[in-house]
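Student: All chains should be built: construct the whole structure from the sequences, respecting the hints.
Going down the list, the protein sequences come from chains P and R. The numbers in the first sequence follow the UniProt record's numbering, run straight up by one, and end at 263. The numbers in the second sequence follow the UniProt record's numbering, run straight up by one, and end at 263.
Think of the hints as simulated: they come from the structure by calculation, not from any bench. There could be a bad hint or two in this list.
[Unchecked claim] Straight-line alpha carbon distances no greater than 20 Å define the calculated SDA-like cross-link-like pairs of lysine to any residue that follow:
#, chain 1, residue 1, chain 2, residue 2
1, P, Lys-155, P, Ile-190
2, R, Lys-74, R, Thr-40
3, R, Lys-22, P, Tyr-107
4, R, Lys-22, P, Gly-19
5, R, Lys-74, P, Glu-241
6, R, Lys-63, P, Gly-227
7, P, Lys-22, R, Tyr-107
8, P, Lys-110, R, Arg-33
9, P, Lys-259, P, Glu-176
10, R, Lys-110, P, Val-7
11, P, Lys-63, R, Ala-96
12, R, Lys-63, P, Met-226
13, R, Lys-22, P, Thr-21
14, P, Lys-110, R, Thr-40
15, R, Lys-110, P, Pro-80
16, R, Lys-16, R, Gly-47
17, P, Lys-63, R, Ser-17
18, R, Lys-110, P, Thr-40
19, R, Lys-110, P, Gly-47
20, P, Lys-110, R, Glu-44
21, P, Lys-110, R, Ala-39
22, P, Lys-110, R, Asp-6
23, R, Lys-16, P, Thr-21
[Claimed, not checked] These stretches of chain P come out as covered by chain R in the derived footprint (C-beta under 8 Å, 3 or more residues):
#, region
24, 7-21
25, 29-36
26, 63-76
27, 90-102
28, 122-131
[What the hints assert, rightly or not] Partial pick of chain R residues on the chain P-facing surface, computed with a CB cut under 8 Å:
#, residue
29, Leu-32
30, Val-61
31, Thr-71
32, Asp-77
33, Asp-82
34, Asp-104
35, Phe-106
36, Val-121
Each residue gets a CB set at the ideal place from its N, CA and C atoms; glycine is no exception.
Protein chains: 2
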Amino acid sequence: MKAPRDVPNALLESLKSLGLTKYEALVYIGLLRTAGATATEVHEISGVPRASVYPVLDRLVQKELVSVSHTTPKRFDAVPPDQGVENLMRRIESDARSAREALDVFYREKELEGRGDRELVWTIYGEENIRTRLAGMFGSAERSVEVLATWDILKGSVLPLLESAPDPVPVDIVTERWEGEQPSRFRLHILPLAGLRETRLPTENLLPYEQSGVFLVDNSRALLWMGAVDGQPSALYSESEGLVLFVRRHITTVTEWAKAAVQ
Amino acid sequence: MKAPRDVPNALLESLKSLGLTKYEALVYIGLLRTAGATATEVHEISGVPRASVYPVLDRLVQKELVSVSHTTPKRFDAVPPDQGVENLMRRIESDARSAREALDVFYREKELEGRGDRELVWTIYGEENIRTRLAGMFGSAERSVEVLATWDILKGSVLPLLESAPDPVPVDIVTERWEGEQPSRFRLHILPLAGLRETRLPTENLLPYEQSGVFLVDNSRALLWMGAVDGQPSALYSESEGLVLFVRRHITTVTEWAKAAVQ
DNA sequence: TAAATGTTGTTGCTAATATAACAACAAGGT
DNA sequence: ACCTTGTTGTTATATTAGCAACAACATTTA
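Tutor: In structure tokens form, the structure reads like this:
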């Protein structure tokens with residue numbers, strides 16, 4: 001009989017987050033390695049106590065991960081991984097749907113009451129969240145959109161979002177280089193960094209980071225993309241006068257430097 | 001201050017299966033209903049003990065469900081439900097991917113060793129699983145495919161699968177009616193049930209069920225679709241001589257009856 | 001200014017619950 | 001008589017939930 005050869009811990013964790021317990025995972029994996037095992041064999045292969053194997057198998061059948069024979073003793077067989085994982089995901093996705101709907105009810109209530117976060121500075125974690133916020137900012141712009149960011153960030157994450165800015169609103173972009181054709185939709189300001197290096201201007205402070213940038217909309221809402229600190233990128237968002245003013249000045253200053261350098 | 005108004009239990013369960021604990025769910029929901037709450041306010045709104053609120057908020061930030069302000073005291077805000085649920089699903093889907101890959105490794109090992117389930121009868125639960133098995137049967141057919149099933153099951157689940165049968169293999173279908181054009185790819189045998197009713201033949205035993213059918217491939221592999229017993233449909237699958245013979249005779253008999261009735 | 005009060009954020013401990021593991025046994029087959 | 005299957009109840013163990021106490025700091029009051 002096969003040994004209850006041990007299972008990578010990462011796999012157990014993954015299966016747990018798909019809704020299986022440790023035993024369910026072990027039994028399913030054990031069954032994948034055999035064809036039609038009895039409960040006792042399942043116990044031997046998976047290392048799960050024999051008595052626990054019965055309820056576990058019941059649950060796995062319920063979850064559409066194993067099928068049962070009609071012999072006595074019963075024999076069990078695993079559904080192929082693709083199929084099985086899909087069966088699990090179906091349940092989870094349906095949960096996600098209903099959760100989303102129920103949560104929206106709560107969320108809508110808040111929308112009515114005005115937002116009181118005008119003076120606060122928020123930290124946003126995760127690129128997805130940052131991009132969503134940026135899209136919201138650009139989409140609701142009424143007078144101006146100003147972007148000062150490294151090319152990598154523009155290319156990878158920001159440019160598609162800028163499309164959502166309303167047409168009449170001017171979009172200023174300051175960056176250190178541009179690949180591909182220069183779009184007429186935006187007002188581009190390229191910083192000749194290579195050239196600047198040779199002047200005595202403090203170029204290291206111009207665009208000193210990889211993957212960073214500042215974004216200002218309507219002179220009233222600012223977002224600071226801080227790049228990846230500990231794995232996932234984070235950003236600051238604020239509508240406070242202070243931070244907006246800071247960003248306002250920062251962009252102006254850099255643009256002025258750029259002009260000076262070109263001359 | 002808002003009351004910790006209670007939360008539908010189904011929602012808590014859904015969020016749990018997305019990987020949140022009860023507290024995490026309560027705090028997230030509480031935050032959805034406010035704009036920028038301090039830890040203490042979160043405690044008041046969600047009903048979660050104040051001391052527990054801090055670690056819970058940490059975890060929610062980690063999971064990209066809430067953002068933090070930079071004030072003292074810190075203020076917390078929830079990301080919108082759509083976004084939040086999507087962030088959770090991203091983790092789960094990545095787990096699903098890695099689990100599928102890891103499981104496949106185990107599964108492949110078994111593929112090599114010949115299948116020893118020739119004499120067994122398997123119960124398959126869930127329409128998805130049944131259809132997968134049927135697709136496998138049809139796809140690997142070498143000499144014959146025979147189908148005896150009610151029209152509802154054919155139309156809803158089986159016909160698309162039959163396309164996967166190799167071209168030279170003859171496909172016989174026996175059913176009680178046919179909507180749409182009759183495909184030349186299959187040999188159709190329509191049972192004039194309405195007419196049969198008036199004879200003294202035991203028509204009730206011909207196609208007595210809703211949503212049922214039998215499938216036979218190469219005279220060696222049979223599947224009995226048993227319809228929905230307790231919610232989800234189930235089926236028997238077997239390569240055993242006994243069951244195959246039974247199905248063989250069943251199909252033949254019904255076909256003969258049909259001929260007799262037409263005459 | 002100093003004491004009183006209140007709030008934030010931490011730490012460590014206890015209670016409740018879900019999961020895991022074991023022991024014992026009835027039913028049936030050899 | 002023996003072995004195996006399947007069931008039941010009981011005991012550990014881990015995770016989650018809940019509580020109490022406190023240091024740090026800010027705000028109020030005498």
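Student: Please list, smallest to largest, the hint numbers that this structure does not respect.
Tutor: Violated: none.
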